[in-house]
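If you read the sequences in order, they're chains G and W.
According to my numbering, the first sequence is numbered sequentially starting from 1.
According to my numbering, the second sequence is numbered sequentially starting from 1.
The hints are simulated quantities; they were obtained by calculation from the structure and are not laboratory data.
A couple of the hints might just be wrong.
Okay, derived cross-link-like pairs now, DMTMM-like style, lysine to aspartate or glutamate, Cα gap no bigger than 20 Å in a straight line [unchecked claim]: (1) G:Lys142 / G:Asp90; (2) G:Lys142 / G:Glu7; (3) G:Lys142 / W:Glu35; (4) G:Lys142 / G:Glu99; (5) G:Lys142 / W:Asp95.
Quick caveat: nothing in here was measured; it's all calculated off a predicted structure.
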Amino acid sequence: MTTLVLEVGLGLLMLGVFAVGLVTRGDERRIVGLLSAVGVLALAVGSFFLEASPAPARGAFVLDGLALFGKQLFLVATFIGILGSLSLPDPAFRRRAPEYYLLLLASLLGMLVLASARELILLFVAFELMSIPLYVLSGFLKREDVAVEAALKFFLVGTVSSAILAYGLSFVYGATGTTDLAGVARALAAPGPLLILGMLLVLAGFGFKIAAFPFHMWVPDTYEAASTPFVAWLSVAPKAAGFVAIFRVFLEGVGDPVALWVPIVAGLAAITMVAGNLMALPQRNSKRLLAYSGIAHIGYMLVGLAAVSASGTAMVLFYLVAYVFGNMGAFLVVESVAQAEGGSTHLDALRGLAQRSPLLALAMLLCLLSLGGIPFVAGFWAKLYVFWAAAQVGLYWLVLVGAVLTVVALFYYLILARRMYIEAPQRTGRIAVAPPLALAILICALGVVGLGVYPKPLVELTLRVANGLF
Amino acid sequence: MGLQPYLILAACLFTIGLFGVLTRRNAIGILLGIELMLNAVNVNLVAFARFTGETAGLIFALFTISITVAEVALGLAIVILIFRVRRTVEADNLDLLKG
């Protein structure tokens with residue numbers, strides 16, 4: 001029974017949000033946001049008291065270490081995302097708050113189920129439950145032409161990827177005669193051509209969702225046009241869910257035959273890192289810059305996946321946590337500056353931030369250093385561990401590519417830092433940050449520093465989780 | 001008839017759909033292509049279920065159909081929205097976001 005407790009709790013919370021949305025009118029509806037924040041916080045805290053049970057040999061829905069780890073990560077990320085959304089200036093976010101939060105929670109429900117799914121049909125349905133609300137949310141400001149255009153692009157790319165994923169799953173089912181992932185893993189010991197074709201298509205479908213190159217086209221446009229707190233969440237939570245699903249399908253119980261995928265995943269990792277980092281260089285908009293740097297980070301995580309080892313998997317999980325705090329923090333600082341600057345997310349808006357708001361600049365600096373991989377913030381350990389895992393299995397060329405590109409990434413992160421600390425501000429006057437947004441940024445900054453100074457407990461936890469898969 | 005003709009039919013449907021998605025300039029046309037791709041999935045699933053005797057594929061097909069409906073309904077809604085704000089549904093004209 002405890003296996004489903006988070007999903008049931010979230011379902012009840014959604015009903016509550018829906019009911020409150022029905023009985024409130026106009027600006028009163030902002031209470032819906034508070035209700036969602038409190039509810040998700042309660043679920044997140046509760047999830048840390050749950051015990052993971054070792055995965056049974058059969059069963060469509062499991063709460064093993066990986067599932068629980070994923071759920072905790074999604075819940076924490078969603079809590080930060082909701083906190084950031086509470087102070088959105090556009091009145092539509094208050095008037096239509098029930099819609100916004102209900103869709104956000106629906107997508108979260110999809111992620112929670114996805115983390116536990118060990119059956120192809122459930123996996124696909126959960127995947128779609130996660131994805132479909134995202135299309136609506138990215139076009140939430142339906143009177144703004146850019147938002148709607150971004151929603152259309154996101155939707156088209158997302159549905160094509162779903163179709164490819166489903167086509168791949170149909171071959172996997174046809175070749176193995178079962179929809180149970182344990183059965184699929186057994187069949188992978190001696191894969192036929194149909195199964196290989198199916199798995200390749202599935203990998204392509206997941207590649208779209210985690211935005212690996214060449215499936216990344218939707219990312220910059222969607223990130224630029226959609227509301228920033230939502231983008232902060234979109235840039236981490238669905239990606240983490242995609243990685244959990246990849247671990248389930250490609251690693252769990254498969255054993256040696258996964259070596260088959262190493263060249264493909266390693267190649268994907270290398271071009272994703274190169275493309276993301278190089279395309280980030282000329283960007284003039286903070287959100288686009290973070291979008292391309294996010295693509296590069298997916299490449300770094302794929303390096304850990306390419307290692308196909310327990311330590312590689314564990315380090316991807318560690319990287320995901322570091323990425324959640326670093327990336328969400330950076331996006332939320334961009335949002336708080338944009339709120340003070342009348343919505344501008346141009347890089348120039350960050351000029352002289354240190355003079356206008358030293359704390360905000362410090363939080364941004366910490367997040368950027370973490371994304372760049374400087375020692376004693378979370379991202380450093382994340383990159384080091386991922387490269388270490390790849391080097392252990394002899395993928396030295398991949399480590400080299402990654403290390404060189406880290407320098408490129410540092411270059412554009414430090415240019416951003418220079419804007420904040422050295423250049424003179426365009427306008428004077430302090431930047432007032434709404435309390436919930438400030439709290440969200442504080443959580444991110446603390447997470448980045450905490451993991452940087454004391455990464456050991458998380459590393460041990462991820463290793464335990466990953467060992468359960470092999 | 002064996003399994004193979006069905007798989008070839010599905011592959012043709014999928015390819016035509018993908019070709020439509022990549023070449024059509026009109027958003028509605030792209031949606032039609034996506035619909036074809038998802039129907040190829042159904043043909044595949046039903047054919048596999050028929051020839052392996054494993055009924056889970058039929059259930060999978062039912063789920064795929066309902067998800068397709070949800071996706072296409074949402075897609076049409078977005079197309080209508082974009083027509084309202086931009087007065088066009090030609091993909092080439094949707095170029096506010098670049099770089």
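Practice task
Measure nothing beyond the straight line between the CA atoms of Lys142 of chain G and Glu7 of chain G; if it is 20 Å or shorter, mark the hint as holding.
Solution key: violated, 30 Å
Problem - Given hint Asp90 of chain G paired with Lys142 of chain G - CA-CA distance at most 20 Å - result: holds, 12 Å
Handout entry: 20 Å limit on alpha-carbon distance, applied to hinted pair Lys142 of chain G and Glu35 of chain W
Key = Not OK: Lys142 of chain G and Glu35 of chain W at ~25 Å, beyond 20 Å, violated.
Problem - Hint consistency between Lys142 of chain G and Asp95 of chain W [alpha-carbon to alpha-carbon, up to 20 Å] - result: Between Lys142 of chain G and Asp95 of chain W the Cα gap is close to 17 Å, so the pair holds against 20 Å.
Handout entry: Hint consistency between Lys142 of chain G and Glu99 of chain G [alpha-carbon to alpha-carbon, up to 20 Å]
Key = Distance ~13 Å between Lys142 of chain G and Glu99 of chain G Cα, so the pair holds.
Hint check: violations occur at hints 2, 3; the rest are consistent with the structure.
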